[in-house]
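**Q** Please work from the sequences and hints to get the whole structure.
Protein chains: 2
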Amino acid sequence: MQALYFDGNLELKEMPQPQPRPGEVLVRVRLAGICRTDLEVLKGYHDFQGIIGHEFVGEVAGPPESPFLGQRVVGEINIPCGVCSRCRQGLALHCRERRVLGLRDKNGAFAEYLTLPAANLHRVPDIVSDEAAVFTEPLAAALSVSEAAPAGPGQRALVVGDGRLGLLVSFTLALRGLDTHLVGHYREHLRLAEPYGITTWLEEELSPDDFDLVVEASGSQGGLRLALERVRPRGTVVLKTTVAGHIPLDPALVVVPEVRVVGSRCGPFAAALRLLARGWLDPRPLISRVFPLSQGLEALDFVRGKGILKVLIAAGPSRES
Amino acid sequence: MQALYFDGNLELKEMPQPQPRPGEVLVRVRLAGICRTDLEVLKGYHDFQGIIGHEFVGEVAGPPESPFLGQRVVGEINIPCGVCSRCRQGLALHCRERRVLGLRDKNGAFAEYLTLPAANLHRVPDIVSDEAAVFTEPLAAALSVSEAAPAGPGQRALVVGDGRLGLLVSFTLALRGLDTHLVGHYREHLRLAEPYGITTWLEEELSPDDFDLVVEASGSQGGLRLALERVRPRGTVVLKTTVAGHIPLDPALVVVPEVRVVGSRCGPFAAALRLLARGWLDPRPLISRVFPLSQGLEALDFVRGKGILKVLIAAGPSRES
Chain H
-12 MQALYFDGNL
-2 ELKEMPQPQP
8 RPGEVLVRVR
18 LAGICRTDLE
28 VLKGYHDFQG
38 IIGHEFVGEV
48 AGPPESPFLG
58 QRVVGEINIP
68 CGVCSRCRQG
78 LALHCRERRV
88 LGLRDKNGAF
98 AEYLTLPAAN
108 LHRVPDIVSD
118 EAAVFTEPLA
128 AALSVSEAAP
138 AGPGQRALVV
148 GDGRLGLLVS
158 FTLALRGLDT
168 HLVGHYREHL
178 RLAEPYGITT
188 WLEEELSPDD
198 FDLVVEASGS
208 QGGLRLALER
218 VRPRGTVVLK
228 TTVAGHIPLD
238 PALVVVPEVR
248 VVGSRCGPFA
258 AALRLLARGW
268 LDPRPLISRV
278 FPLSQGLEAL
288 DFVRGKGILK
298 VLIAAGPSRE
308 S
Chain A
-12 MQALYFDGNL
-2 ELKEMPQPQP
8 RPGEVLVRVR
18 LAGICRTDLE
28 VLKGYHDFQG
38 IIGHEFVGEV
48 AGPPESPFLG
58 QRVVGEINIP
68 CGVCSRCRQG
78 LALHCRERRV
88 LGLRDKNGAF
98 AEYLTLPAAN
108 LHRVPDIVSD
118 EAAVFTEPLA
128 AALSVSEAAP
138 AGPGQRALVV
148 GDGRLGLLVS
158 FTLALRGLDT
168 HLVGHYREHL
178 RLAEPYGITT
188 WLEEELSPDD
198 FDLVVEASGS
208 QGGLRLALER
218 VRPRGTVVLK
228 TTVAGHIPLD
238 PALVVVPEVR
248 VVGSRCGPFA
258 AALRLLARGW
268 LDPRPLISRV
278 FPLSQGLEAL
288 DFVRGKGILK
298 VLIAAGPSRE
308 S
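In order, the protein sequences belong to chains H and A. Under my numbering, the first residue of the first sequence is numbered -12, with each subsequent residue one higher. Under my numbering, the first residue of the second sequence is numbered -12, with each subsequent residue one higher.
A pair holds if it fits inside one copy or across any two, identical chains being indistinguishable in the list.
List time: in silico SDA-like cross-link candidates among lysine to any residue, alpha-carbon distance up to 20 Å:
{"no.": "1", "residue 1": "K0", "residue 2": "S281"}
{"no.": "2", "residue 1": "K93", "residue 2": "V243"}
{"no.": "3", "residue 1": "K30", "residue 2": "L240"}
{"no.": "4", "residue 1": "K30", "residue 2": "A239"}
{"no.": "5", "residue 1": "K30", "residue 2": "V243"}
{"no.": "6", "residue 1": "K30", "residue 2": "D92"}
{"no.": "7", "residue 1": "K30", "residue 2": "D237"}
{"no.": "8", "residue 1": "K293", "residue 2": "R174"}
{"no.": "9", "residue 1": "K30", "residue 2": "V242"}
Rather than coming from a laboratory, the hints here were simulated on the basis of the structure. A quick note: this is a predicted structure, and the numbers were derived from the prediction, not measured.
**A** What follows is the structure, encoded as structure tokens:
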């Protein structure tokens, strides 16, 4: 099969179809999404070597006895060991020995096939298209903000960053009823938030008010500073993105206003699929372009362009855009 | 009266006795404590001009009709406006117009007399000595960790920093029943924690385990990094101290383990006095030296010495050490 393989260099290469281990299924990938983390991996983050990619929708192609056979699925990306103290304490997501699809000791989704434990799968409701289902993983990550900061619906929230993740986070906050604001750099991205009743701001025009909850989803050096400047005393800042290197932090901005800064990573797939199935949230306007897997290298180049939102890779032969 | 006055330069000078405004009382200062924040003020923090000092115990000397007259008191240091939206939202501690004793638009405690709103006062139980009562403000600040991070008594806590605040924080965590650890640089400071059943570590010998709760009370550049390295996934780091300038923060240390970083400042005076009155906590072994107010400049010099803990200033004439 074809796959985008990284070992310091990224190349599209012909590889043997993977064999599912006990407990695993074989998934034929239909669509995969490029995430900023994939670009970090290409810079050496995680020291990963293998097939990259972790956002996907596919159909289960084996083993023949799998109850999922033939079904359309998405899959959680963390594969914990299941036996260590963290796994037993309910912190499986933080298992030190975990493998992570396309990120850590586990070949990923930019390929014709992948394998994953059956326990990681979620069936995709028929009403959810492939183009929407491929957003399940980032949408779940956006929803994890609600787990990190259970702000009430009467509160005011600001999302910093109008990229893929910032937009999805703002949609989910609006669905919770919060008075949601989004600040970014691209008018055409901000426009995507308007159907959700979100108040949008170009950064230089942001109102001087403060917010109960600020979500930093820009992945930029200035994002954390802006978040800390705009959160109210005793408010919450949720950090959704990592940036390479260090951010200079003025601790007085945390200590004096007694602010809470919470890191947030992966989230609940089932909740994301419920929102997609209801149609309360449609991520498809975020798709900038779909590339066939055979043009995967071009796709990873294209996604770095200014103002590009979601870029998808279609592994099947019939999906060239 | 004599007072330590700062206007860019610090000097001991003769000043008129302050007149209480309506709602205020006049307090004759008995003992005052030097805090790291006072040293920051002398470096220009807060742009403060006036009499410095905010930790004190004294007796109420006026007005004659005050129900507190003649009583021994300690006093909360924040004086909120009481009418702004933050004050009305229960965030008076974060009132933008607040004055703060010895720190912001309000003359402080390194003087023979100070004034403070009667609403800020707490009567000191007779059983609590001046030498213990003068620790009420920093002990309350230590107790605010419990408000910021309500960790259960079955959890493991690490306090980073064996200075005045770190020691007090470790004592209060031990009293909550937590398996409490303290890491620092001075064996003779760490020894002060042993009566509380606290496990103490020199930094280079700290066990590699992780902790549910880590309190950064070192005020050092490396303190936050150590805290983030030692907190468990989804654990809490409480930041108690500011440092001048910026700390380089690796956001991956917050985002990936989904850690919570909470700033914490002032705390509950009444709770601090209850602990002191019970004798469950005795801060007096932290006293390094008592200086008379007439030697206040020497006291502020002495406190900067290596391994010095609490330095007190006795305003009364009979307390020279």
